[in-house]
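Residue numbers (my numbering), protein chains in the order written: chain A, 1 to 235; chain B, 1 to 235.
Hints should not be assumed to be uniformly reliable.
[As the list claims (entries may be wrong)] Reference listing, derived: stretches of chain A covered by chain B, where coverage requires no fewer than 3 residues with Cβ under 8 Å from a Cβ of chain B: (1) 68-80; (2) 86-92; (3) 178-190.
[Stated by the list, open to error] To give an idea of the interface, some chain A residues facing chain B are shown, with a C-beta separation under 10 Å as derived from the structure: (4) Ala154; (5) Thr157; (6) Gly160; (7) Ala167; (8) Asp168; (9) Thr169.
Derived from the structure by calculation, the hints contain no laboratory data.
Predicted model, so just to flag it, every value in this text is computed and none were measured.
Ideal placement from N, C-alpha and C gives every residue a C-beta, glycine not left out.
Number of protein chains: 2
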Amino acid sequence: MILLYDLAGAGDRRFSSNCWRTRFALAHKGLAIETRATRFIDIPALEGGGYPTVPIIRDGDDVIVDSWRIATFLEARYPAPSLFDHPGVEAFARQLQSWLVTAVSPALLKVFVLDLHARLDPADQTYFRQSRERRFEMTLEQLADGPRETRIAAARTALGPLREALADTSAQRPFLGGVRPLYPDYLAAAALMWPRAVSPGPLLSVDDPILRWFERMLDLFDGLARRAHKEWDGP
Amino acid sequence: MILLYDLAGAGDRRFSSNCWRTRFALAHKGLAIETRATRFIDIPALEGGGYPTVPIIRDGDDVIVDSWRIATFLEARYPAPSLFDHPGVEAFARQLQSWLVTAVSPALLKVFVLDLHARLDPADQTYFRQSRERRFEMTLEQLADGPRETRIAAARTALGPLREALADTSAQRPFLGGVRPLYPDYLAAAALMWPRAVSPGPLLSVDDPILRWFERMLDLFDGLARRAHKEWDGP
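Build the full structure now, drawing on both the sequences and the hints.
So this is what it looks like as structure tokens:
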């Protein structure tokens, strides 16, 4: 039984993209897990302390932090079914993760940062506000400035390269990984589980190919992601 | 013998990223080709007219335009060796191409747009200036505004996701595609052939992992890309 420390907001809302990456990877490997709802302020005390972020997993005596390190650890210890299947898909995952973090997540965050803040456990709200305002060098209100529609349009534009990659998916090849989902699918779906968990309205237009693929991702593993607490059926 | 219409500047300088994608793809397939140096202003008359851009290839009676359509045409007609090898690598190529076009190329162009303009055939300079000034809604001089070091720093930052994907490459797995280069390698190398052909100084720092990989790309196919006209050994 693998233990996953999983970031949670008020009402046990599992909103963290980084933790969803690991949640999907563990499900892909078919591993039995237990998740522990974790607030930001709980992280410094986890597993003896010293770990800066979640996800963290404990597998027997091994404690691993960071979603990428967890993915490669799982791949080494539980090789089948592979998360990557081909070295080119592993390179894809690295490039995709970096692009999601630098180009997509900031655009998404602008849409719903105040919604996210409102849905955190009250004890986490101060930490979240202070750390994010320091990182972005502006208040959360300044980050979310401007009409919501403008920020949504920017987020949709930021997702362009993912949309292009998914434009060719079909019943015969429904995932980025091909016939079956692979780690690039989990990275991209995890990025969208975040708005789904906290944003009070849809982000993507109903005819967006990203949405058709995301529905398939929600269905995986007996609806693992679909059963998660959501604000909206979207993203 | 496949004919490739290949964009060329003054002194037969083959600078086009889009054409380099096709050049690499043809070499990967081991196909005999002839290239025809083409200026922007020559494009409307090629192959009976009606094609908006190069690369264009003619293979027997088939005329194909657009580097992506050419890649999938070659893959269907000459399956081995595959440009993709795995459906996840084809999805990688789609996502990478879109990211290169929307995030990387604009940042690169800001560095050397005036160098590129100066190295075009004089008959192409008017077309290039007018079409690009219309597209970007500013003059070429405004596009290249600000200190060169600032624009270079922005271009290096824009390449972050590629750098991350290449950080794991090694003697055992030297390419994005793994042991051998695949179409994602050609897409990324093609984007860098552009500054190499026209920019009068280096773009990347000497310790950049992108540069180590690019050296390997220059060596492929008996130094096909290394033999091309260059301003600098870089990018």
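Tested hints:
1. With 0 residues having a beta carbon nearer than 8 Å to a beta carbon of chain B, the stretch 68-80 of chain A misses the requirement of three or more and the stated coverage is violated.
2. By the rule of at least three residues with a Cβ nearer than 8 Å to a Cβ of chain B, the coverage given for the stretch 86-92 of chain A holds, with 7 such residues.
3. For the stretch 178-190 of chain A, the assignment as covered by chain B holds, since 4 residues bring a beta-carbon within under 8 Å of that chain's beta-carbons and 3 suffice.
4. Restraint check, Ala154 of chain A versus chain B: the minimum CB separation of about 13 Å is more than 10 Å; hint violated.
5. Contact between Thr157 of chain A and chain B, as hinted, is supported at the beta carbon level, the nearest pair being about 9 Å apart and thus within 10 Å.
6. Hint on Gly160 of chain A holds. Least Cβ distance to chain B is approximately 6 Å, under the 10 Å limit.
7. Given the 10 Å rule on beta carbons, the hint for Ala167 of chain A holds: about 7 Å separates it from the nearest Cβ of chain B.
8. With 10 Å as the threshold, the beta carbon of Asp168 of chain A comes within range of chain B, its nearest partner Cβ sitting at about 6 Å, so the hint holds.
9. Because the closest C-beta pair between Thr169 of chain A and chain B is about 8 Å apart, less than 10 Å, the hint holds.
The structure fails hints 1, 4 (numbered hints given earlier, in ascending order).
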